[in-house]
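**Student:** Given only the sequences and the hints, what does the whole structure look like? Please build it.
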Amino acid sequence: MKSTTLTSQEKLNLISNLATLIASGIPVLEAVESLISESKGNFRKILEALHEDLSQGKTIADSLSRSPKAFDQITVNLVKAAEESGTLDTTLKSLAETIRKDMDFISKVKGAMAYPILVVIVLFVVILINLFFVIPRVATVFTRLNVPIPLPTKMLFLSSTFISQNKPAVGAGFLIFIAFIYLIYKTQRQLFLGILFSLPGISKLIIEIDLTRFTRSLALLLKSGIPITDSLDLCHKIVVKKQLAHIISQSLKLVNSGKKLSEGFSGTKVIPGFMVRIIEAGEKSGTLEKSMSELSEQFNTRVENRLKALTTLIEPALLLFVGIMVGALMLAIIAPIYKLIGNLSPRGQ
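Counting from 1, one number per residue, gives the positions in the sequence shown under the UniProt record's numbering.
Note that these hints are calculated values from the structure, not bench results.
Just so you know, these numbers come straight off a predicted model, no measurement behind them.
The beta-carbon is built from N, C-alpha and C at its ideal position, and this holds for glycine as well.
Each hint should be verified, as a subset may be incorrect.
[To be verified] Have a look at the derived ranges for each label pair, beta carbon to beta carbon:
(1) A23 <-> N256: 16 to 22 Å
(2) E297 <-> A179: 41 to 47 Å
(3) R144 <-> M103: 56 to 62 Å
(4) T301 <-> K58: 38 to 44 Å
(5) K259 <-> L310: 35 to 41 Å
(6) A317 <-> E297: 29 to 35 Å
**Tutor:** What follows is the structure, encoded as structure tokens:
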């Protein structure tokens, strides 16, 4: 079961359906049985393993922990705390709502990235079509007419000819290049991500995405009665930005020594001042989980606004880039045609 995975939607369906059935008064074992009959694939495997474990007297948390690729440590610990406190149905409902919010959040982030990626792919395809099909025919015409060709056009024709005549080699070279980039990403992931996250506009966005997920997860863990030290230990593992993970880790040490979380977060450049003040107020009033929930909503809104702003900036920049690339390509083809027309005009007169 260690290698069994679930999609976010499958995980949401399992937890939300289980929560609904348990809240209706159906025993856990019967609830799992009813879900098995309507499931398939990995979803069914997880449920069958859960049913078997429950039949042997194991807890739900113990069973879920056997599938680490399907259920993270936060989910396992939440379920464990809920089983011990007798609040399984309400905790599962809260967990399902958190997963739903995370899915919606990730969908918006991916949606913002989809447009620029699509534009780049379309541009790449247009250039390939021109290099493989359009330019070779144009080059043949100009060669037959023996027309003087400008240097940029000549270089374009030579590139097109080389690619057309060496398709297997060019294709292999492209695949090797992609494999090389993928290998670097896998072996030097932190370096790769570090460079990416340091780009203007991206760094701040990544931090706010991390803070959204961190505050949302911490709020859920605290609400379920899990101690703040255990909650911080679980939450610092879900952030991507290394600098932020280090701050959370150091804050955990301070909390373990008897200090407050707000003290660990204060004075850092990564954690905004308003976040520290809200956490401090929550600590004083004993409503830290509520403060974290409010912070997660604030950061969620900030990320959405930042994504909209980035998209607004990227769209015209991409259109300009595409226009320049396509324009340069067309100009290289059209320039000799105008020259040919210019040479033919006096003869026609």
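**Student:** Confirm or reject each hint.
**Tutor:** So, going through the hints one by one against the coordinates:
1. A23 <-> N256: 16 to 22 Å: Cβ of A23 to Cβ of N256: about 36 Å, so the range 16 to 22 Å is violated.
2. E297 <-> A179: 41 to 47 Å: Check passed, 42 Å falls within 41 to 47 Å.
3. R144 <-> M103: 56 to 62 Å: holds (59 Å)
4. T301 <-> K58: 38 to 44 Å: Between T301 and K58, where Cβ atoms are some 41 Å apart, the hint holds.
5. K259 <-> L310: 35 to 41 Å: holds (37 Å)
6. A317 <-> E297: 29 to 35 Å: holds (31 Å)
Checked against the numbered hints listed earlier, the structure breaks hint 1 alone; every other hint is satisfied.
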